[in-house]
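Chains as they are written, first to last, in the working numbering: chain S, 392 to 703; chain F, 392 to 703; chain Y, 392 to 703; chain C, 392 to 703.
If you're looking for bench data, these hints aren't it; they were derived computationally from the structure.
Please note that a few of the clues may not be correct.
No distinction is drawn between identical chains; accordingly, a pair holds when it is met within one copy or between any pair of copies.
Pairs of lysine to aspartate or glutamate, EDC-like flavour, derived with a Cα cap of 16 Å [said to hold, decoys possible]:
| no. | residue 1 | residue 2 |
| --- | --- | --- |
| 1 | 667 | 498 |
| 2 | 703 | 562 |
| 3 | 469 | 643 |
| 4 | 535 | 498 |
| 5 | 619 | 399 |
| 6 | 506 | 643 |
| 7 | 489 | 399 |
| 8 | 594 | 613 |
| 9 | 667 | 398 |
| 10 | 417 | 551 |
Predicted, not measured: the structure shown is a model, and the values here were computed from it.
Number of protein chains: 4
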Amino acid sequence: MANENPDEIKGLNISKDITIGEFLKKIRHTGFQATNLGKAVEIIDKMKLDNATIFLSFTSNMASSGLRDVFAYLVKNKLVDVIITSVGSVEEDLIKSKMPFLLGSFDMDDVELHKKGINRIGNILVPNNRYGHLEKVLQPFFKKMHEKQKRSGKMISPSELIAELGTLAGEDSFIYWAAKNEIPVFCPAITDGAFGLQTFFYKQDHKDFGIDATADMQRLAEIVLQSKRTGAIILGGGVAKHHTIGVNILRDGLDYAVYVTTAGEGDGSVAGARPKEAKSWSKLKEDANSVCVEGDATIIFSLLAFAMKGGK
Amino acid sequence: MANENPDEIKGLNISKDITIGEFLKKIRHTGFQATNLGKAVEIIDKMKLDNATIFLSFTSNMASSGLRDVFAYLVKNKLVDVIITSVGSVEEDLIKSKMPFLLGSFDMDDVELHKKGINRIGNILVPNNRYGHLEKVLQPFFKKMHEKQKRSGKMISPSELIAELGTLAGEDSFIYWAAKNEIPVFCPAITDGAFGLQTFFYKQDHKDFGIDATADMQRLAEIVLQSKRTGAIILGGGVAKHHTIGVNILRDGLDYAVYVTTAGEGDGSVAGARPKEAKSWSKLKEDANSVCVEGDATIIFSLLAFAMKGGK
Amino acid sequence: MANENPDEIKGLNISKDITIGEFLKKIRHTGFQATNLGKAVEIIDKMKLDNATIFLSFTSNMASSGLRDVFAYLVKNKLVDVIITSVGSVEEDLIKSKMPFLLGSFDMDDVELHKKGINRIGNILVPNNRYGHLEKVLQPFFKKMHEKQKRSGKMISPSELIAELGTLAGEDSFIYWAAKNEIPVFCPAITDGAFGLQTFFYKQDHKDFGIDATADMQRLAEIVLQSKRTGAIILGGGVAKHHTIGVNILRDGLDYAVYVTTAGEGDGSVAGARPKEAKSWSKLKEDANSVCVEGDATIIFSLLAFAMKGGK
Amino acid sequence: MANENPDEIKGLNISKDITIGEFLKKIRHTGFQATNLGKAVEIIDKMKLDNATIFLSFTSNMASSGLRDVFAYLVKNKLVDVIITSVGSVEEDLIKSKMPFLLGSFDMDDVELHKKGINRIGNILVPNNRYGHLEKVLQPFFKKMHEKQKRSGKMISPSELIAELGTLAGEDSFIYWAAKNEIPVFCPAITDGAFGLQTFFYKQDHKDFGIDATADMQRLAEIVLQSKRTGAIILGGGVAKHHTIGVNILRDGLDYAVYVTTAGEGDGSVAGARPKEAKSWSKLKEDANSVCVEGDATIIFSLLAFAMKGGK
């Protein structure tokens, strides 16, 4: 049977070794989520060709995983233009540039881990000293930001804060390269997580220190409004996803969207919402190119990253 | 076969009609998630008996659904002590006290909905005029908050803002009763959603208006630190869940936790993380009573709400 | 806000205690899967009013759970007309009429359970002696069936075999009542599971004993062809679901279908396929009343069972 | 940061193009399901090195997808020893060797497809003439099998039937190569699906034709009992999975198991059951090497197939 008909279901020829790039070109015809993976590659190609402003949105567990290193590569090489994420991503990216996270397993005994001072995220382990290190960086950092606030007379925005923090991170981190390459990292819930607890500790003695949550909307809105085209790669759900698609209402919707999620749409969650729902909201254009790939981003985005960098 | 052995699998006797309360008492022995539902009831009973400070955490799609009316009942009757949620919940609760959301279906044509000016959340429809109404409330409200900021010399916190907004909402809304009953509503991503876009519009002409994201940490931390016991009912994931369990690190963890989620734990997401993972982090005590019920909260929490109010 | 508009999203009024019947009548307006649960109730009411032949299809884990007792009630009271299931259901129903299954937990140590001779199905435990009992029943039973085969000169069909076995089961089992009430139990994979292994043992010394897999198609087809209307309640997926919808092709499709599943449709699995897909196949009529409720059947069907028996 | 520590979380280096083989070697350190994918590769390597008898189990939607071509390659090259699947796989493999399946989309209008005579499996389309072709092959084939039955005086077993059918299939099909290479294809529910309906039609005029469901247990049991080691690659759930692990009880369990599934374990389904549960049942050895990769097999197994063939 011929392989060449674009409308036929056809699996991969596995008789010879192929590159990821070749895999991604052929996988569309296997059906089901393989088709969606193949479509995602096509949409990424189009958004690059079209010089769209590319938003990369991800939840913090993605940064807990090795995808953080992939994000750093993409930001270093200016393959994305805007990042929208949870504050955990920023914390963990910073920590990892000093101390690695460790590989564990999903079914470890959490009470025993707790006794040993090891925190678990799925099958990833984060010993407490990582957070000790974070505290040691953040407290003097907040002091510096506080002084900046006092000098300027206005509270810092989350994206400025992250850019400043990026200069303290190692060269393997995405916030370092985001700062270097002036790629904004937006974080609509900056006081969640360890970061939030650290602001609480800092404020014990510095009541007037603050972060203006509203201060980033102007900057983010301008990017959206000044872009000729926008596209988004959205890994997971939560506030990172919602913020990314929500702000694109200002330009009547994204032109391109690739969602990667493990969530279904039956519970009305943002994580599970498919691109088509976003069209009703003007978050996606009526004729936008879009796809949702169902699967864990640690696998799916490790593949798609090669499409983003134009791998052969 | 006798029904009375606590260790035996035994289904419901459906020969006579029973109340939800009776259903919840018996369902534990059916196995699988029915067991977890039954355990959730037992844990809710315990946290109430123990006078734990009860955190209710939910994502905004829960407020899009009819659960919003259940939340309002719980807050009105002081059956919960703290709410942590996404800003969409606050927006939608306010809107609904004026104009209802409508029942649609999951497979509606979103391009057609868009042409008609109707936004879709799963099978729930929100015509654009709901957001027109929101804008009409929020712009003068921000002006009022801005004046308050100027008088006091400091930016408002998200929870204060929501309490003020609650006084403008109808009596069927949870923010109204939260304001009335001084039950704080925390919202760690206050500038997400329509709310965030409205702050952007307001700031066009009022550059100095702001919301201090860090301002709530003290208030939230104090609740956690001053409680003899804490328990949480957590519907869905996202920043609402993460913030709820995260702040309880300050007291070495929640004493009680009931999670309701549709997410699995295989992708390391916060939505899918089970209570045991939280123990490694000191977000849950080592010996905490906890359970995760897998299922859509519109069904699961509609049942559990009867346990919360002590239904027979 | 009024509750009465059928198009509005409205949660339950939890201020007073209600029965399951009342819950099911109101739950539709809560949105998301609650809506689907409410629709399922309406469809069940219609298929009963319409005197449709009702197929009940379930996977064997449902029989492992307490739902087995609910099934027995429904069959005893002739509230279903045909059962299509996996052979595990038949085995476990038989075992349970003698020895109960036990409540365990999902995270038990399986190596330790193995050492103790306890088998696990999710959070349900089945000590090895249950299978010892099954063997003691099945070996003489096969001998009896073998003799019947020799007398009649033809191999027995799966449904006849199960009806014969039903006469050996206790009065709390569905196969007992199915035999009594002449409700056929079809099992398209009769040699799977312990049952299959027992046929292997029996055939060591009785090579000519057999079960004609094709022998049930006539009986099943006639039910389908002679029914004025057909409806199906389908819990889970697998061969039980596929067989139920597949045979209805003979009459150009079911008139009514209620699916309950935890599976999504993204992988093309039968478990995840929604009713609409069945329409393309003539497995469901183009204008069939149908719904899929996403959730664990131990909760969802424990509720729906009250609709099936006409609970108030 | 060094990449070489086996215990550290580390993402892929995407700066250069790599082969699938290289991808699979590195992916383990990314965390979450990427880790499980990497483990699956290691286990496949081990079962091959150990000369284990390799069972490949899959549901019929896998054969609907392009994975069917991958299966054919593996069987042709004797990279698997036993196949256990649903009858739909056999039907579709046969059809595809004559007429391809087509690529559609998940959200097509099924009523319209029905009017056009096109059947849908997820995003895969099967026009009715494919089943017309199947009928034209099966009716004379059953006649031939019937004659064989009359000659031998005994009913054919499912695996013999499939081997005979394989000789009629094209060289791109797995049943062709299974017949050629004497790799048995077991099908515990041979009368499900179109195949079952075709036996019904055939039996209208040939009442004594039959298929002995019990006839394969001896053959399957012997393979299990005579193998020094057994390993299984199990895609999806259902009777194919259950039969594969169930029969390995006869040798106190598989030595190696790789599961690929989209199902969770919370509902006690066979699709969602993890390898550890199988240990309690002696379906997997206590010290077996095993892993479950969560994800759609069209992507996951398209990758793993390269590990099976020893891709670099």
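Checked against the structure, which of the hints given earlier come out wrong? 2, 3, 4, 5, 9, 10
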